[in-house]
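Going down the list, the protein sequences come from chains A and B.
Using this note's numbering, read the first sequence as starting at -4 and increasing by one per residue.
Using this note's numbering, read the second sequence as starting at 31 and increasing by one per residue.
What the hints contain is simulated information worked out from the structure, not anything from laboratory work.
Mixed in with the good hints there might be a few duds.
Label pairs and their calculated CB-CB ranges [claimed, not checked]:
# : chain 1 : residue 1 : chain 2 : residue 2 : range
1 : A       : Gly56     : B       : Gly52     : 29 to 37 Å
2 : B       : Lys198    : A       : Pro89     : 40 to 48 Å
3 : A       : Met33     : B       : Leu53     : 40 to 48 Å
4 : A       : Thr28     : B       : Gly32     : 22 to 30 Å
Sample of chain B residues with no beta-carbon within 12 Å of chain A, all distances over it, derived [to be verified]:
#  : residue
5  : Glu33
6  : Thr37
7  : Val78
8  : Arg173
9  : Gln199
10 : Val202
A short, non-exhaustive set of chain B residues, derived as facing chain A with CB atoms under 7 Å [unchecked claim]:
#  : residue
11 : Val80
12 : Met144
13 : His158
Note that the Cβ used here is the ideal one computed from N, Cα and C, for glycine as well.
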Amino acid sequence: MSGDRRKPFGPAAAAFVAGGAACLALGLMAPLTAFDLMPTVGPLSGQTMIPAAIFFGGWKGLSLFWKERDPAARPVFIATFAMIACGLVLTLPPVFHAF
Amino acid sequence: MGEMRLTDREIWAALHGIVFGGLLLLGFSAAVGGLCNLRQEHLTGEGVAVRTRRLVNGLWALAGLAWIAVITGTWVIYPWYTQGASPQAVLRRSPSTTAWDTVGMEWKAHLAWMAPILLTTAATVVGHLRDELAEVDSRPIRRALIALLAVAFAATTAAAILGALITKQAAVR
């Protein structure tokens, strides 16, 4: 797929993986109440700000790592959508209240 | 004749749910249509360039709207929902309405954040690949982007429906 592609797929792959990781982090953070970053908002502040930071930090870090590289698209897509699916399931209250 | 008056909180809730959320939901169809039609074999070179530019601008606008919607929802409206004689207290008072808070609001508050993350991802990918995205061998990437938009749309829709139903039970005033 990337035979004569002019631009490397790396920066796009970085965005995909960072987006998937942030969705997974949203699910993993949902049961945690220890990250009360803003008292008026409560634990929801940490449960949302930390995944957002993971998204932007991960995107930046992976973009630097993959800047000139051309990773295979298929594993990137599989990893991304697997993390999104896990994140979706883990944000369901009956699931995260079980932890 | 009665007065039509909105409190500051009701204005913020309307901005969050109807203006930002409503515009966001409208924009998804345009973004998916733009991606589906971005095919080199059906367009001239100039057509690809124009459509790609529109798609990049549109996706960044949608991502911006989604960030504004979740930030106003979490930082402005959610504290009014939880504190004092709040909608949350009203919902928790009766066993028949508790689940609107413990399931409905809990899910909405987390799920909604997937939309800006996934829209920013899509905007970044389209902004990086630009015209190359219209090439025949980029079809898997276009399909992956459409799937991202579908998840973001589903998250936005679920959050919007839950928000409307929770407001019907106990509104922020």
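Taking the hints in turn, this is what the structure says about them:
In this structure the hint that A:Gly56 and B:Gly52 lie 29 to 37 Å apart at CB holds, the actual value being about 35 Å. With their beta carbons about 22 Å apart, B:Lys198 and A:Pro89 fall outside the hinted range of 40 to 48 Å. For the pair A:Met33 and B:Leu53, the supplied restraint of 40 to 48 Å is violated, since their beta-carbon distance comes to about 26 Å. In this structure the supplied range 22 to 30 Å is violated for A:Thr28 paired with B:Gly32, their Cβ-Cβ distance being about 43 Å.
No beta-carbon of chain A is positioned within 12 Å of the beta-carbon of B:Glu33; the least distance is around 30 Å. Its beta-carbon lying about 18 Å from the closest one in chain A, B:Thr37 satisfies the requirement of being farther than 12 Å from that chain. Non-interface call for B:Val78 relative to chain A: holds, since the shortest CB-CB distance, roughly 14 Å, exceeds 12 Å. B:Arg173, annotated as away from the interface, has a beta carbon of chain A within 12 Å; the closest lies near 9 Å.
At the 12 Å boundary, the C-beta of B:Gln199 stays outside the reach of chain A, the nearest C-beta of that chain being 16 Å off. With 12 Å as the threshold on Cβ separation, the claim that B:Val202 sits away from chain A holds: the shortest Cβ distance comes to roughly 14 Å. Here the hint on B:Val80 is broken, as its CB sits about 19 Å from the closest CB of chain A, past 7 Å. This hint holds: B:Met144 has a C-beta 5 Å from the nearest C-beta of chain A, less than the 7 Å allowed.
For B:His158, the interface hint holds, since its Cβ comes within 7 Å of a Cβ in chain A; the closest pair sits about 5 Å apart.
Of the numbered hints stated above, those contradicted by the structure are hints 2, 3, 4, 8, 11, listed in ascending order.
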